[in-house]
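*Asks:* Here the protein sequences come in this chain order: A and B. Residues in the first sequence are numbered consecutively from 4, following the working numbering. Residues in the second sequence are numbered consecutively from 4, following the working numbering.
Any given hint might turn out to be false.
[Unchecked claim] Here are the in silico distance ranges between beta carbons for each label pair:
1) A:Ser259 <-> B:Glu192: 49 to 55 Å
2) B:Lys152 <-> A:Lys268: 48 to 54 Å
3) B:His73 <-> A:Ala276: 42 to 48 Å
4) A:Gly256 <-> B:Arg79: 49 to 55 Å
5) A:Ala33 <-> B:Ala272: 42 to 48 Å
6) B:Leu265 <-> A:His73: 54 to 60 Å
7) B:Arg79 <-> A:Lys277: 47 to 53 Å
8) A:Arg120 <-> B:Arg79: 45 to 51 Å
9) B:Asp187 <-> A:Pro206: 38 to 44 Å
10) A:Arg120 <-> B:Lys244: 34 to 40 Å
11) B:Arg80 <-> A:Pro206: 36 to 42 Å
12) A:His73 <-> B:Ala69: 50 to 56 Å
Worth flagging that the hints you see were computed from the coordinates, not collected in a lab. Heads up, the beta-carbon is just placed ideally off N, CA and C, and yes, glycines get one too.
There are 2 protein chains.
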Amino acid sequence: MADKVTIAVDAVGGDAGPEVVLAGAARALADDPDLTLVLCGPADVVEPFAASHERAVAQPCTEVIAMGEHPASAVRRKKDSSIVVGCRLVRDGAAQGFFSAGSTGACLAAGTLVMGRIRGVKRPALAQVLPAYAKPTLLLDVGANADCKPEYLLQFAQMGAAYMRELMGVAEPRVGLLNIGEEDEKGSEAAQAANALLREELPGFAGNAEGRDLLSGEFDVIVTDGFTGNVALKTIEGTSKVLFSYVKDALMGSLSGKLGALLVKGDLAALKAKVSPDTYGGSPLLGVKGACVVGHGSSNELAVRNGIAVAATTVRSHVADVIAATVAQGGERA
Amino acid sequence: MADKVTIAVDAVGGDAGPEVVLAGAARALADDPDLTLVLCGPADVVEPFAASHERAVAQPCTEVIAMGEHPASAVRRKKDSSIVVGCRLVRDGAAQGFFSAGSTGACLAAGTLVMGRIRGVKRPALAQVLPAYAKPTLLLDVGANADCKPEYLLQFAQMGAAYMRELMGVAEPRVGLLNIGEEDEKGSEAAQAANALLREELPGFAGNAEGRDLLSGEFDVIVTDGFTGNVALKTIEGTSKVLFSYVKDALMGSLSGKLGALLVKGDLAALKAKVSPDTYGGSPLLGVKGACVVGHGSSNELAVRNGIAVAATTVRSHVADVIAATVAQGGERA
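The shape of chain A in the complex, shown without the other chains (with noise of 0.2 Å):
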């Protein structure tokens, strides 16, 4: 039996509408017995959710962040809102964890401001996992951090390995930085002062990692700033997006294509969902005190359903914890 967790979810985040989100969490439920959901939203939305399925608990909140507002302004200003109630759940111990996928920026900003940085943790980072040949990478910052001094990088290293060592069972992971050639030396002044550092600080450090690295199965862990991990998640989105247009295209340009296209429809397909941001559900932001997992705008449920699961499991697998302990220490060597 898994330990209980209760888990907040923000009912009104995602483009595809609360009915989405309500369905992901009916399924998240079903699937895991000691799962707990508060659902936070509007009244008329989360409370005859709350009253017909167990286990699910409904928090009114009279707010809504948008998509297109300014997190930080939008966090401190609504304090009623879904995002702010969620993570507050936290603060206060009536809930382990977070989800939405709502605006990734209010997620950000109240997963810090509300939330609370571990002790010790400088930036808070997005993580994603990435469904790289053979075993999934995990790739971070993805967007929290536009701009990173070198001991983000560190940190972002620790937390990722520990995030892969406690909750992927990968004993030893490979923790590469993300780089622009495979020698020490090579990159910009930001990226070499980050590899001098790892090497000198982080036990097992594997160096340089390469764009062709991010899916290649080689790490464990990638580490970046958040510009340009946001910029290669997206060219990896975006890159698979456009190859099934051009694979489709090409099947249905001929006939052979086509007939061959109605054979290998089931495994594209299975392929199609193998790589997709649904799969993982959710990016959970590493440093801050609790479980936050941050789902694509536009997922469904069964993205939803896969994204209040990471939380769980991040709650299960204490890696706020292992990365306290992991932080503090390296502030002590440092």
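Assemble chain B onto chain A, guided by the hints.
*Replies:* Only chain B this time, still in chain A's reference frame:
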């Protein structure tokens, strides 16, 4: 009839060996009756080729710059290497362009140091034509300058637009800045500064592009620093490679898939060729006096043929003159 053009070719550049380069050179000669090639390399490699091919001239060299050597110091030291000799032929007017599939770093250094920068160009940039959906997109810089000031990016935008206009016939290229959000104020400090400068100085600036726009076909030119551009380019290559592996695995995993695979094999192979770097043959170094085109280290015969053709087209479309005029204008305006 096209203008007569002479291109110097590094006969020993590339992982596949001189035979592949020479085979590609032979195809380029056969396809373009107005093309003359000067083959730079060891006498026993280039002289037999020149003797057996019309419009081929041998330029024996005694040195070779290997892939691992430090680019700038190798270029300074090895005056009789195929890369330095090829660029010198352009500087001295014996050729108008140069192609190599050898060390990218050495080609960038020799292009910049030996051919020389166009007056007013702050930093030459390596550009790459990407197989975006429906129409190609030019990305630059993909690795010549890891650290960039905003004013470099403005020139990259001007040079990239000139290239797409003159070579690709795009009347009014849509130029975007690679960033991590659509809004002008998004991104790192460097990206924000570049956005502000492009808004002010670049007529028709189309705003920020994101990673997913590299292949969407929404932009004709996307500018970024050489660090981010190199990561993005290698991410596209890596994602394509892994997705094709996944497609293969998916089809081989079921009986219907195996049958279907027989039918779609040809279409998928054609697609693979379409998105392969070999199709574009090489990356032009923009901002130097003359055409300098750098091929992938893994260039095959077709890639060499195409790289030489890109160099010839670059010369015939007078891109360097257009860049010189644009940059001189920009200098006056600034």
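*Asks:* All hints are to be evaluated individually against the structure, with a verdict given for each.
*Replies:* Quick rundown of the hints versus the structure:
no. : hint                              : result
1   : A:Ser259 <-> B:Glu192: 49 to 55 Å : 53 Å, holds
2   : B:Lys152 <-> A:Lys268: 48 to 54 Å : 50 Å, holds
3   : B:His73 <-> A:Ala276: 42 to 48 Å  : 46 Å, holds
4   : A:Gly256 <-> B:Arg79: 49 to 55 Å  : 51 Å, holds
5   : A:Ala33 <-> B:Ala272: 42 to 48 Å  : 45 Å, holds
6   : B:Leu265 <-> A:His73: 54 to 60 Å  : 55 Å, holds
7   : B:Arg79 <-> A:Lys277: 47 to 53 Å  : 50 Å, holds
8   : A:Arg120 <-> B:Arg79: 45 to 51 Å  : 49 Å, holds
9   : B:Asp187 <-> A:Pro206: 38 to 44 Å : 42 Å, holds
10  : A:Arg120 <-> B:Lys244: 34 to 40 Å : 38 Å, holds
11  : B:Arg80 <-> A:Pro206: 36 to 42 Å  : 38 Å, holds
12  : A:His73 <-> B:Ala69: 50 to 56 Å   : 52 Å, holds
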